[in-house]
Each structure stands twice: as structure tokens, then as C-alpha cells.
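Enquirer: Residue numbers (this note's numbering), protein chains in the order written: chain F, 497 to 601; chain L, 1431 to 1551.
In case anyone wonders, no lab produced these hints; they're calculated from the structure.
Ideal Cβ placement from N, Cα and C applies to all residues, glycine included.
One should not assume that every hint holds.
[Stated by the list, open to error] Pulled from the structure, derived: some chain F residues nowhere near chain L, Cβ distances all over 10 angstroms:
1. 534
2. 541
3. 542
4. 585
5. 599
[To be verified] One-sided excerpt, in silico: chain F residues whose CB lies under 8 angstroms from chain L:
6. 530
7. 551
8. 558
9. 595
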Amino acid sequence: DIQMTQSPSSLSASVGDRVTITCRASQSINVFLNWYQQKPGEAPALLIYASSSLPSGVPSRFSGTGSGTDFTLTISSLQPEDFATYYCQQTFSTPTFGPGTKVDI
Amino acid sequence: QVHLVQSGAEVKKPGASVKVSCKASGHTSPAFGISWVRQAPGQGLEWMGWIGTYSDKTNFAQKFQGRLTMTIDTSTTTAYMELRSLRSDDTAVYYCARGRAVAERYTLDVWGQGTTVTVSS
């Protein structure tokens, strides 16, 4: 299986901050990388797919970059509703998720 | 807009089986299969397996091979996940989720609300 790592595992930030989360795959996954946001007590929600594409309805402050083994999720200006846990997922082979990054105040 | 509605919480004893349902409502087509993902208390997400819309194809995470069965009843647009030989570490919230597109079957754009399964003697 392809192993996914994320850093940091948690971070504290303020409203308006620029936040960057990284995800690394144990082998090249091209751009088969998705990001999900999960708020406490809720199901995850798709945030970015294919490394950099935003589904309709996702605010433009979210962006994703990367290919191969290294990927980044950026929130350009953190909003109160963005405090959540973020997971990366590779779909190059049998899917696996990263361990998550918790963003709190 | 598609919604996935899952069955209610379950409490099972070790060694038993659990079957969770996931009904699609709203504009249900096209659909590109259903994945099952679980989340143990306080832990991250774990992908378990995928079944094609017409039950013609499946893919499993290695650790669930032989213990997990997934089915879809197209007449009722309901997917089912059965996990056998339950252990205490199977205690988790189980989610069903829809694949986004035919070439992105594991990109999950619609999720059920989750079903809590507790395994305890």
C-alpha cells in the first residue's frame, strides 16, 4: 500500500492567517491526490480533487498544488468555519488516507 | 442533489456480524460506485472497499479481504456493507460515500451521515 504522511499533525492559527498543510506519498502518485475537510461530529467533505481542482461550492481561498510525492493544501485567509481536520487521500492505487491535520484556534 | 442516508447505530458482540445500509435519494444517476470508509474513535479515516454501481466490480483494502461483503440493490438504490467476525477494534463510525466520476471512483464527493458500530461484550 502507498503510505501517506501529513505535516503538521496539528496547528493553531487565527482568523485571517495563511495556512499551509503538506502531504507526502511513499511513492509517486502523479496528481491522484484529494483533500477532505472534516468538522467535529460531521462526515468528511471533498475539498480538492486531482491535486488542484475545486468542486463547485468550495471557496476560492482553498487551493492545492503538487504532483509526484509532495502536495500542499493552502488556505489563503483562514475563516472561522475552516477550523477542522484536513485529510489527504491518494487514489493512484488502492486508496489510503493521510493521518490528518487538525487546525484549531 | 444526491443524499446518502445510512441505517442507525448498532451494538454487537465480538464474533458477530453487522450489516449497514446506505440509501441514495434525490438525483441518483449517474453514480460511480460506493466506497465504505470507517473512523475509529478519535482516529483518522480508513478506506475499506468499493463496489461498482451494478455490483459488477469490487475492490477491497487488503486488511478487510475475506471479512467484508459489499452489495448494491439497484431497485432500491441501496448499498450494503457487511463486516463479519467483529472485534473490539472494529468499533467505529462507518461511512458510505459516492465516487465522483467514472475515472475518479475513489474521489468521494457525497457522504452518508455515518453509522456508529460498537463492538462490546
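Enquirer: Would the hint on residue 551 (chain F) stand, with a C-beta cut-off of 8 angstroms toward chain L?
Expert: 6 angstroms, holds
Enquirer: Measuring Cβ to Cβ, find out whether residue 599 (chain F) lies farther than 10 angstroms from everything in chain L.
Expert: Answer for residue 599 (chain F): holds, closest chain L Cβ roughly 15 angstroms.
Enquirer: Would you check whether the claim that residue 541 (chain F) is not at the interface survives, using Cβ distances to chain L and the 10 angstroms cut-off?
Expert: The claim breaks: residue 541 (chain F) does not keep its Cβ more than 10 angstroms from every Cβ of chain L (closest is about 7 angstroms).
Enquirer: May I ask you to test the interface hint for residue 530 (chain F) with respect to chain L, counting a Cβ-Cβ separation under 8 angstroms as satisfied?
Expert: Hint on residue 530 (chain F): holds, closest Cβ of chain L at ~5 angstroms, below 8 angstroms.
Enquirer: Taking C-beta pairs only, is residue 534 (chain F) more than 10 angstroms away from all of chain L?
Expert: 8 angstroms, violated
Enquirer: If you take the shortest Cβ to Cβ gap from residue 595 (chain F) to chain L, is it below 8 angstroms?
Expert: Result: holds, 5 angstroms to nearest chain L Cβ.
Enquirer: Find the nearest Cβ of chain L to the Cβ of residue 542 (chain F) and say whether that gap is larger than 10 angstroms.
Expert: 5 angstroms, violated
Enquirer: Checking the smallest CB distance to chain L, is residue 585 (chain F) really beyond 10 angstroms?
Expert: 8 angstroms, violated
Enquirer: Please check whether residue 558 (chain F) passes as an interface residue: C-beta within 8 angstroms of a C-beta belonging to chain L.
Expert: 15 angstroms, violated
Figure legend: structure checked against the earlier numbered hints; hints not met, in rising order: 1, 2, 3, 4 and 8.
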